[in-house]
Structure formats: structure tokens, C-alpha cells
Amino acid sequence: MSRFLSLAEAVESTIRDGDTVAMEGFTHLIPFAAGHEVIRQRRRHLTLIRMTPDLIYDQLIGMGCADKLIFSWVGNPGVGSLHRFRDAYENGWPGPIAIEEHSHAAMANAYEAGAAGLPLRGVPRLSRRRPAEGEPQHQAHHLSVHRRAARRRAGDPARRRRRSTRSRPTAPAMCCIEGIVGVQKEAVLAAKRSLVTVEEIVDDFGQRSLNAVILPSWTVGAIACVPGGAHPSYAHGYYKRDNAFYKAWDAIARDRDGFLAWMKANVLEQGPDAFAVHSRTSTQTARATDAAE
Amino acid sequence: MAYNANEMMTIAAARALRNSDVCFVGIGMPSAACNLARLTHAPDITLIYESGTIATKPDVLPLSIGDGELCDTALTTVPVVEMFRYWLQGGRFTVGFLGGAQIDRFANLNTTVVGPYDKPKTRLPGGGGAPEISSACGEIFIIMRQSPRSFVEKLDFVTSFGHGEGGDHRARLGLTTKGRPSSSPISRSSSPIP
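Residue numbers (the numbering used here), protein chains in the order written: chain A, 77 to 369; chain B, 88 to 281.
Derived by calculation from the structure, the hints in this document are not laboratory data. Note that the coordinates shown come from a computational prediction; the quantities given were computed from them, not determined experimentally. Don't take each hint at face value.
Listed below are the simulated EDC-like cross-link pairs for lysine to aspartate or glutamate, each with C-alpha atoms no more than 16 Å apart in a straight line [as the list claims (entries may be wrong)]:
#	chain 1	residue 1	chain 2	residue 2
1	B	Lys206	A	Asp279
2	A	Lys316	B	Asp146
3	A	Lys323	A	Glu345
Listing some non-contacts, in silico: residues in chain B with all C-beta distances to chain A over 10 Å [unchecked claim]:
#	residue
4	Tyr90
5	Asn106
6	Asp131
7	Ala142
8	Thr160
9	Phe171
10	Arg232
11	His250
12	Gly253
13	Gly254
Distance ranges between label pairs, derived from CB positions [said to hold, decoys possible]:
#	chain 1	residue 1	chain 2	residue 2	range
14	A	Asp349	B	Gln233	49 to 57 Å
15	B	Glu252	A	Met77	31 to 39 Å
16	A	Leu286	B	Asp131	18 to 26 Å
17	A	Ile175	B	Leu148	26 to 34 Å
Even for Gly, the Cβ is constructed at its ideal location relative to N, Cα and C.
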């Protein structure tokens, strides 16, 4: 049964040193706030799984949290390289990182196999240096944690997540994802423990889109409410992808000192509340202020 | 009128697309080409991005394959597992776009490493969707800037299979799709942009 926790408590109780962790979200709903909390709690020796490691794993790798990366496309989408990953892999800074790579199709099928508890099937192997048959299944079965943001809000007909009222603090909680649904459902169902960060907590999801993904309470471990917590990724219907930040990251991460200074100011000396400025409520307030001016 | 080589390649790729095509669209030049075709001679073309967005009609070109714009304007959005399993591996695309850091004369592509795999000179992003795109799409259009460094005798790593060692290598592996057509994709065009 899922539990509502603060992000710090949720990370502390869910993720341990040496875990194999998938922080999924296919461009959409990438759990940056959770990644930052993992960095603040100084988790070490993680094996990180993501189809597209994205900025979130560039940050975790650059801060020395990971020993190994399992992925299918390691770049900054539409921009270029992930410089912190490359520095770790090519130069061993801040430490060496091992890699295991597959294709997107193999990774997606591996998550599905993990969710089903079945061997991986159906991925024709044509490229050279592909891993032996069965490896992706192994990887999926060893997912120990997954988190992603979900979102919902009272009064919005689309995409919500529901939880207990205050008067019924132990009532069932569930999560709802809409928009690009990615591989989050498969990742949660494949994991031994899971943490979901959400945009908001509502009493009723209301009307949902036809492809909405619902995770019942008994499939999710910890839930932490972190408005804006997917930034610079996005939450469909809440706030847009911050494409300008993805471009800016190229310069921030290019050299070690600049990266460390950014991480100190924006992660180590901050908390989950720092993401609130990116939330829909904050964005709407800013727009209203702009309009008034 | 001033234009650069990338823009001209984009135009050429757009002209090679048909109104009836179902395209697996990659970010960058392929995305620009596919949407140019849709907005000109191929209004009914089906564009699908690997984020699961089917028959999408973005008003602005996305930076990533998962921008919200793609989902907002899509006929439907399916899970990523379904995208690769039912739609790509299921053989429902007529055209897939690929590019790479290196290409050889048999249209095999490298997007993985320059130099040895275990100690690369440059680590590139890797395969992503490309290995299955190259085998499962009806045919492949390749858009990439050419140079002596990129057009090589032997790839440092084969990420996506073109025609392997040439001849009937695709058929011997059981691939029924064309790969890169032997003729220029431009010759496929029957619908010049008005």
C-alpha cells in the first residue's frame, strides 16, 4: 500500500546505496526533484537505468552517485552530448562508470518483461556487440526502485491522481499519468520498491483522457508531492518542457567547475521547494502578474 | 536566395515523401522534412514519433521527440513499449529516417563510438530506436552531413544494419524490408513541392 511521505523521507526509505534504480519518464515527467534528493542524500554505487539518461543522470553521474549506467540513447535531446557522462566514461571523473547499452526496443521490451515476470522475447538481434540473449530480462528483474512524477489537480477534468482525504489518512491512494505515458507503468510494476513524485494530490481524478495510466495504491510504494518536480522536463497540462534550460545545460555541464558550482547553488543548497517556482500555480501567477503590468 | 546544405537536404527528403507514407520521425532534419511534406504536397502523411505520439501534426517543430506539442496534436498517444513492439517491430512504417557519425558504402551506420568500443575516442549517444528502425521500416532515408571522416571504409561500430556486407545480406538475415533503397530517395519523389 502506498504511503504519502516527504520527498526526503521517501528517498531515504526507498533508495539505498548499491541499488539498481530506474528514474523513468520518456522526455515527459522525468523526476528531477527525486534525482536531486538522491544527490543531497549522497547515495553511492547506484546502477542507473533509463532509456535516455537525460540531464537527470548527467547530474547524478557528475556528482559521483553511480557506478554503472544501463541505457539505450545517452545524449541531450536535440542539443548534443551529456558532458558529465562523457567525462566519467572517457576520463573517469569523478569516478569510472561502467556501461551496458541496448536499443530502445530492447529496453522497452525489458521493462515489459520485468513487469510480467517473464523472460524477454521478441527482440531480433542484428547489431554487433549486442548483449547476450536474456540480459535485458535480467536487468529488468533487478530494478529495485522507480519513481516518476504523476499529476492531477482538483477541478481539472484531465489527469489527476487521487488520495485519501485528511480525515481518512489511510484511505487508498493511486496515481494517474496522462500525456506521453512512456514506460512508467512497466517500470513501477517491474520494481521491488517504488517512489512516485506527483504534481498535486486531489480527492477525485474526475474525467480522464482515454490513454490515462492509473497505478492503484497497492502497486506503488512511496508518494511525495513535489509541485514543479519534473522541471526542466514537463508535466502535461501543468507546465511545458523548458527547452531553453536543456540548451543552457550544454554550457553548464561542459566543464567540471561550472557544473559543481551549479549543483552547489541549485541542488545541494536547495530543497524540493525550489521546484515550486516551475509549478503550474506559480506559472499562472507569473502570467497574471505580467498581464497586470 | 541563401540556403545551406542541411536545408537543401531537408527539402530533398521532404520531396521524397508520399502522401500515403507512415513515417517514423527522428528529431532534427527528419522532423523538419516530414512536417514540410505534411504542410505542402503530402497533407495526409502519417507522422509518428517514438514517444508514442501517432499521427501528430505539430504547429511548431519540437526540440525533443517527447515535447508536449506532439502529444497535444496527436490522434492518440500509446505507451512506449507498444510503440516499439506493435507499431515499429510490427512493420507498420513505410519510411524511417536515420543519420549517424559514420556511414559505409553499404549504408551501415555508426552512432555509438568513434575509436575502439571499450576505449573510445568519442562516445556517441548509441542506438536509441535506430537498430529496429533500420530493420523494421519499409525503407530507410538517411540524412547526414558527409565528409571523408564520416564516409568510411569500415565503421568503428555497426549500430544500425544497412546492407551489411552487401549483396543479399539483408535477405540472408531474414530481413524483408528494403533498407536504404539502391536508388537515390529523390528518384522516389513523384510530388514536387509546388
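Is lysine 323 (chain A) within 16 Å of glutamate 345 (chain A), Cα to Cα?
-> The hint is violated at about 23 Å.
Can we trust that tyrosine 90 (chain B) is non-interface, i.e. its beta-carbon lies farther than 10 Å from all of chain A?
-> holds, 21 Å
Minimum Cβ distance from alanine 142 (chain B) to chain A greater than 10 Å, as the annotation requires = holds, 14 Å
Pair hint lysine 206 (chain B) and aspartate 279 (chain A), alpha-carbon separation not exceeding 16 Å | Violated - the C-alpha atoms of aspartate 279 (chain A) and lysine 206 (chain B) are around 54 Å apart, more than 16 Å.
Glycine 254 (chain B) and chain A, when compared Cβ to Cβ, separated by more than 10 Å | Since the minimum Cβ distance to chain A is about 16 Å, glycine 254 (chain B) lies beyond 10 Å and the statement holds.
Could you say whether the range 18 to 26 Å given as a hint is met by the Cβ separation of leucine 286 (chain A) and aspartate 131 (chain B)?
-> holds, 23 Å
Do the Cβ positions of glutamate 252 (chain B) and methionine 77 (chain A) conform to the proposed distance bound of 31 to 39 Å?
-> Given range 31 to 39 Å: violated, Cβ gap about 57 Å.
Within a Cα-Cα threshold of 16 Å, do lysine 316 (chain A) and aspartate 146 (chain B) meet the stated pairing?
-> holds, 15 Å
Evaluate the condition: distance from the CB of asparagine 106 (chain B) to the nearest CB of chain A exceeds 10 Å.
-> holds, 27 Å
Distal placement of phenylalanine 171 (chain B) relative to chain A, Cβ over 10 Å = violated, 4 Å
Can we confirm that no CB of chain A comes within 10 Å of the CB of threonine 160 (chain B)?
-> Holds, since 12 Å exceeds 10 Å.
Minimum Cβ-Cβ distance from arginine 232 (chain B) to chain A exceeds 10 Å = Non-interface label stands for arginine 232 (chain B): nearest chain A Cβ at 15 Å, farther than 10 Å.
Hints 1, 3, 9 and 15 from the earlier list are contradicted by this structure; the remaining hints agree with it.
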